[in-house]
Amino acid sequence: FYLESHVIETDFVPDLYNDFCKRNGIVIRYRIIQPGRYLLTIKTKNQSQNNNLEIQDNLELEYDSLLDTTDKFKRIQKFLKEEFGIDLPDIILKNNDLHSSIVDLVNSLYKQGFVTCRMITQKNRKTYKRDKMSVCIDHFPHKIGDFVEIEALNMDDFVKLKSIISLPSQLI
Numbered sequence: 001f002y003l004e005s006h007v008i009e010t011d012f013v014p015d016l017y018n019d020f021c022k023r024n025g026i027v028i029r030y031r032i033i034q035p036g037r038y039l040l041t042i043k044t045k046n047q048s049q050n051n052n053l054e055i056q057d058n059l060e061l062e063y064d065s066l067l068d069t070t071d072k073f074k075r076i077q078k079f080l081k082e083e084f085g086i087d088l089p090d091i092i093l094k095n096n097d098l099h100s101s102i103v104d105l106v107n108s109l110y111k112q113g114f115v116t117c118r119m120i121t122q123k124n125r126k127t128y129k130r131d132k133m134s135v136c137i138d139h140f141p142h143k144i145g146d147f148v149e150i151e152a153l154n155m156d157d158f159v160k161l162k163s164i165i166s167l168p169s170q171l172i
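First residue of the sequence shown: 1, per my numbering; consecutive thereafter.
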């Protein structure tokens with residue numbers, strides 16, 4: 001593994017009136033990674049029970065201001081509108097430096113009905129890569145704790161990665 005990045009990330013998670021997103025298992029997260037680069041991540045969670053096991057079916061859509069086209073953002077907007085009736089404003093497309101316009105982002109979202117701040121936090125993230133696998137170590141301040149995130153593009157690589165870093169099955 002090699003250290004790919006070591007950054008401080010700022011996450012802002014807004015919500016609509018009456019906690020609509022939270023009640024419907026939706027997370028809309030704006031993540032500032034560095035000046036001129038941010039991610040918009042949409043997560044939806046569906047939970048079900050099967051043979052006394054809790055199963056989570058998660059969908060995650062991501063727009064990267066450096067790597068993705070406006071078209072990808074428009075597809076995310078369309079998905080939110082069609083699935084949940086949420087109008088996501090274009091503010092994220094108007095300025096590539098959210099460091100200087102976080103207030104503009106919050107104000108714009110507020111005008112669109114995102115009147116609740118579910119979360120705003122910063123974390124220290126180290127990302128290690130090997131082939132197409134990654135291990136992220138997140139350190140949050142204020143007693144939130146430390147977290148490890150492992151990612152692979154397919155199940156075989158995931159099992160391989162899990163074995164390499166010796167994570168017990170009950171932790172995943």
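Hints are computed from structural coordinates only; laboratory data are not their basis. Some clues are possibly wrong.
To be verified - With a Cα cut of at most 25 Å, we get these calculated DMTMM-like pairs of lysine to aspartate or glutamate:
#	residue 1	residue 2
1	K162	E149
2	K45	D87
3	K43	D156
4	K45	D138
Claimed, not checked - Per label pair, the in silico range of CB-to-CB distance:
#	residue 1	residue 2	range
5	V159	E62	40 to 46 Å
6	P35	N107	17 to 23 Å
7	K43	R130	33 to 39 Å
Remember, it's a predicted structure, so these values are computed and weren't measured experimentally. In this text, a Cβ means the ideal position worked out from N, Cα and C, and glycines have one as well.
Outcome of the hint check:
1. K162 / E149: holds, 11 Å
2. K45 / D87: Given that 25 Å is the threshold and the Cα spacing comes to 19 Å, the pair holds.
3. K43 / D156: holds, 24 Å
4. K45 / D138: holds, 22 Å
5. V159 / E62: 40 to 46 Å: violated, 24 Å
6. P35 / N107: 17 to 23 Å: Taking Cβ atoms as reference, P35 and N107 lie about 20 Å apart, which means the hint holds.
7. K43 / R130: 33 to 39 Å: violated, 25 Å
Going through the hint list in order, the structure does not satisfy hints 5, 7.
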